[in-house]
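Visitor: The chain contents come next:
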Amino acid sequence: MVEVELWEIMKEWEDFKLSIKYLRVKDREFLTLLGPSGCGKTTTLRIIAGFEKPESGKIIFNGKVVNDVPPYRRNIGIVFQDYALFPHMTVFKNVAFGLEMRKTPKDEVERRVNQVLELVGLKGLENRYPEQLSGGQQQRVALARALVIEPELLLLDEPLSNLDAKIRERLRGEIRRIQRELGITTIYVTHDQEEAMAISDRIAVMNVGTIEQVGKPLELYYNPRTEFVARFLGLSNILELQSDGEKACLGSLCFKTEKAGKVRIFFRPESVHLKEGSDAKIMGYELLPGRIRLRLEVEGHVIIAERFLNELPFTPEKIPKKTGIEVKSFVLL
Amino acid sequence: MKLKWRKLIILIPLTFLILFFYIPILSIIHEGFWDRDNGFTLKYIFSILLNSYHRHIIIFTIEQALASTLLTLFLGLPGAYIFAKYEFPGKKIIRAFLTVPFVMPSIMVALGFLLLFGKEGFFTKLFGDWGILYSWKAILIAHAFYNFPIVIRMVSALWQRINPHYEEMAMSLGARGFTLFRKVTLPMLMPAIFASAMLTFVFCFLSFSIPLILGGYHYATIEVDIFMLIMTLLDFKTGSALAVIQIALSFIFMYLYIKSLDEYSKAEEQKIFRKTKKLTVRELAGIKGLLIGFYSLIVFMFVISPLLAVIYDSLMYNGHFSVEWYRRVFSPHYNPIFGATTLTAIRNSILFGFGTILLSTTIALIVAYSLHRWNFRGKNIFDALVMLPLGSSAVTLGLGYIKAFHTTPLYRTWLIIVLAHTVIAYPFVLRAISAVLRKIKPNLSEAAVSLGANEWKAFLKVELPLALGGIIVGAIFAFAMSIAELGATYMLYSPEYTTITIAVYRFLGSRQFGSASALSVILMVISGISFMIIERIGEEVW
Numbered sequence: 001m002v003e004v005e006l007w008e009i010m011k012e013w014e015d016f017k018l019s020i021k022y023l024r025v026k027d028r029e030f031l032t033l034l035g036p037s038g039c040g041k042t043t044t045l046r047i048i049a050g051f052e053k054p055e056s057g058k059i060i061f062n063g064k065v066v067n068d069v070p071p072y073r074r075n076i077g078i079v080f081q082d083y084a085l086f087p088h089m090t091v092f093k094n095v096a097f098g099l100e101m102r103k104t105p106k107d108e109v110e111r112r113v114n115q116v117l118e119l120v121g122l123k124g125l126e127n128r129y130p131e132q133l134s135g136g137q138q139q140r141v142a143l144a145r146a147l148v149i150e151p152e153l154l155l156l157d158e159p160l161s162n163l164d165a166k167i168r169e170r171l172r173g174e175i176r177r178i179q180r181e182l183g184i185t186t187i188y189v190t191h192d193q194e195e196a197m198a199i200s201d202r203i204a205v206m207n208v209g210t211i212e213q214v215g216k217p218l219e220l221y222y223n224p225r226t227e228f229v230a231r232f233l234g235l236s237n238i239l240e241l242q243s244d245g246e247k248a249c250l251g252s253l254c255f256k257t258e259k260a261g262k263v264r265i266f267f268r269p270e271s272v273h274l275k276e277g278s279d280a281k282i283m284g285y286e287l288l289p290g291r292i293r294l295r296l297e298v299e300g301h302v303i304i305a306e307r308f309l310n311e312l313p314f315t316p317e318k319i320p321k322k323t324g325i326e327v328k329s330f331v332l333l
Numbered sequence: 001m002k003l004k005w006r007k008l009i010i011l012i013p014l015t016f017l018i019l020f021f022y023i024p025i026l027s028i029i030h031e032g033f034w035d036r037d038n039g040f041t042l043k044y045i046f047s048i049l050l051n052s053y054h055r056h057i058i059i060f061t062i063e064q065a066l067a068s069t070l071l072t073l074f075l076g077l078p079g080a081y082i083f084a085k086y087e088f089p090g091k092k093i094i095r096a097f098l099t100v101p102f103v104m105p106s107i108m109v110a111l112g113f114l115l116l117f118g119k120e121g122f123f124t125k126l127f128g129d130w131g132i133l134y135s136w137k138a139i140l141i142a143h144a145f146y147n148f149p150i151v152i153r154m155v156s157a158l159w160q161r162i163n164p165h166y167e168e169m170a171m172s173l174g175a176r177g178f179t180l181f182r183k184v185t186l187p188m189l190m191p192a193i194f195a196s197a198m199l200t201f202v203f204c205f206l207s208f209s210i211p212l213i214l215g216g217y218h219y220a221t222i223e224v225d226i227f228m229l230i231m232t233l234l235d236f237k238t239g240s241a242l243a244v245i246q247i248a249l250s251f252i253f254m255y256l257y258i259k260s261l262d263e264y265s266k267a268e269e270q271k272i273f274r275k276t277k278k279l280t281v282r283e284l285a286g287i288k289g290l291l292i293g294f295y296s297l298i299v300f301m302f303v304i305s306p307l308l309a310v311i312y313d314s315l316m317y318n319g320h321f322s323v324e325w326y327r328r329v330f331s332p333h334y335n336p337i338f339g340a341t342t343l344t345a346i347r348n349s350i351l352f353g354f355g356t357i358l359l360s361t362t363i364a365l366i367v368a369y370s371l372h373r374w375n376f377r378g379k380n381i382f383d384a385l386v387m388l389p390l391g392s393s394a395v396t397l398g399l400g401y402i403k404a405f406h407t408t409p410l411y412r413t414w415l416i417i418v419l420a421h422t423v424i425a426y427p428f429v430l431r432a433i434s435a436v437l438r439k440i441k442p443n444l445s446e447a448a449v450s451l452g453a454n455e456w457k458a459f460l461k462v463e464l465p466l467a468l469g470g471i472i473v474g475a476i477f478a479f480a481m482s483i484a485e486l487g488a489t490y491m492l493y494s495p496e497y498t499t500i501t502i503a504v505y506r507f508l509g510s511r512q513f514g515s516a517s518a519l520s521v522i523l524m525v526i527s528g529i530s531f532m533i534i535e536r537i538g539e540e541v542w
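Top line first, the protein sequences correspond to chains A and B.
Position one of the first sequence corresponds to residue 1 (our numbering), numbered consecutively onward.
Position one of the second sequence corresponds to residue 1 (our numbering), numbered consecutively onward.
Calculated directly from the structure, the hints in this document are not laboratory data.
The C-beta atom is built at its ideal place from N, Cα and C for all residues, glycine as well.
Fair warning: there could be bad hints in the mix.
Claimed, not checked - Here's a subset of chain B near chain A, in silico, CB distances under 10 Å, partners left out:
| hint | residue |
| --- | --- |
| 1 | Y166 |
| 2 | R176 |
| 3 | L180 |
| 4 | A447 |
Turn these sequences into a full structure, and let the hints steer you where they fit.
Guide: Here is the structure:
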């Protein structure tokens, strides 16, 4: 397949600047560009596809600079958020389009289209038109159309965001399965951190035109390097405390640190364990399926804790006013 | 309950159309199919179909409409491409120029082409005599003049709405250049191409002034043939039978047009609006700029040259510049032909124009509003009833009015002319008003109602101000069509109701080109004012 590298990519608009120092997508890797809307992730994808040109910088496929290679020579498959299924063609014609452009013999077109339709689970719908399909089915056609040309690189631009939650979850599993099966290098754009965590080998978190951090999902989740990454990937607790060079304390809750002075302590809600005691006031709580999320207050700082119901030192029917807490793992931001 | 009573307002346009469109049309059908002695008969229809002259005319009418449509597409499609894709200096001016044909009376434009291609014409002197005048060629050129802006407007509007993802997708799959256009872009443009072509076809099929003046006797269309049968031969039976054939054909074409328009509006609903590409100085200096410049020049010349020819001719007297023709137009000594003075004609034209504005906007507004905002039983039938007048022709309508009203006191009054103009103009006013009403979201008036306004207040305070631009554009269409109207007016007027257009036609008939030109310039000035009002409003008219 292909390894993609971006070097010093720059592109500027009146009110926005995209600037990527370096990004590498390894051969056969599933990399997700994650960020809020307007952070430049789709533009990055379009630059990789060749629909947009950077003002400076290099786009490299397998060590070769491809800046001047037009999209139709980059051997990519792409799926858009709105699928862009050709409304005047049947499912079969849509999927066969890329092969016809490559002047593939007719019987082989038939064979490969059927094969890929089977792969995405759409056998039997060959003669339907896009408007006769459900959103999920349209999405699969778009995927089949991108895959049938056997691209070396698959680019997915928020492919699931137009679908409802249940179908989204099922389809993301399927995309992952197909990607593994074909071993195709894939770049996936989304703003949904749960989707990114579930599907990716690695995630690149983007914010206002730059990449903040690249890493494996859990690495980003528990060891974010910036507050933006910490907050974007889920609920976080960030405490600004004074450290004496050994520890920083909030009442009886202490964090060991060798840094002296002002420190920022970060930990996830599930790192907060509850025990007997009265360190924290319980300000409020929310019941979630099987879990409980509590809003605690210690010395004027709010801490969010999340626990399974069976881990509580009290019964969920009778939530006390105060509880003891312990933070089992944390990092310094 | 209150709401239901309010909906009875649709009876106003309905009654109007039944009285002044459907009854006249039915009386033509009666005239064509019924004999005083024998009752129902197909005699008159057969006499036309078996007559080689009339048969030739029917075939020619369809042929010239087809050829005009092809020429119009040929001229308009490159423009649609340029307008949809690029931003370039002067685009606004060219765009404005494309509105000119909408407001310019066809008799004046026909006169312009007459002067350009005549024996002493500018074109003939420059390029030699190509035998354009009094042939199908002149008809085709004048029809293209009127209709190519429609093609540019409709096709470029859809082109801009084609989601760029389709083309990018196809590109990522390996398509490019002409293959990309043929396989992906063109099929998506088809609804616009087909709808604009169908509209052009209907217009050319029903066109009157242009073939009358530019085609000569040999190249008459059905419309001209009916006119001649009624006005010179006084053969109402054959005329009506021919009108029945014309109505049948034009309703078929209308049906196809409305079907294609449905497809077009569906495709046009796409929310995507592609930004046009601003051409760089380098591109402008290159081949792209050259081609755009060349096309703009052709558009400019095409639109402006018939107008300039008329102005030039009106100022040339015996080979030198003079205002003699203008003096003659207003002098009673040279003006014996129409039993009214030029000043009366100008006054009549303006009065009929305003009368048409008043009637047609009122009716179109009620129809547009009820079609877009209300649901009621029989809405489909209502829809069809109010759309059909678009497929009627001026001469047929004139004939219908003669048949239906010649025994009533309405006959030979100014009102009957205004009524005819209203029926002719109304479909266009409806189109302009519908276009703006469609853009106003219903939840705006719902918001007003939720804040305590009743439906009428909400309409007055919220929807009407928002729709005003479109209503004014519609009103100007009505005015422009009224002062340009020749066929029906000619059949219904009496001397004291002479209009400018009829006066021009009379001057042409007596071969007084100079006076015809001078009077046409007056017509042009009035149309020019309409044009400027449309430009000022800035509402999308085309």
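Visitor: All hints, please: hold or fail.
Guide: Each hint tested on the structure:
Interface hint status for B:Y166: upheld, as the beta-carbon distance to the closest one in chain A is roughly 5 Å, under 10 Å. A hinted interface residue such as B:R176 counts as satisfied when its beta carbon comes closer than 10 Å to some beta carbon of chain A; here the least separation is about 5 Å, so the hint holds. A hinted interface residue such as B:L180 counts as satisfied when its beta carbon comes closer than 10 Å to some beta carbon of chain A; here the least separation is about 9 Å, so the hint holds. Restraint check, B:A447 versus chain A: the minimum CB separation of about 28 Å is more than 10 Å; hint violated.
Hint 4 from the list above is the single one not met by this structure.
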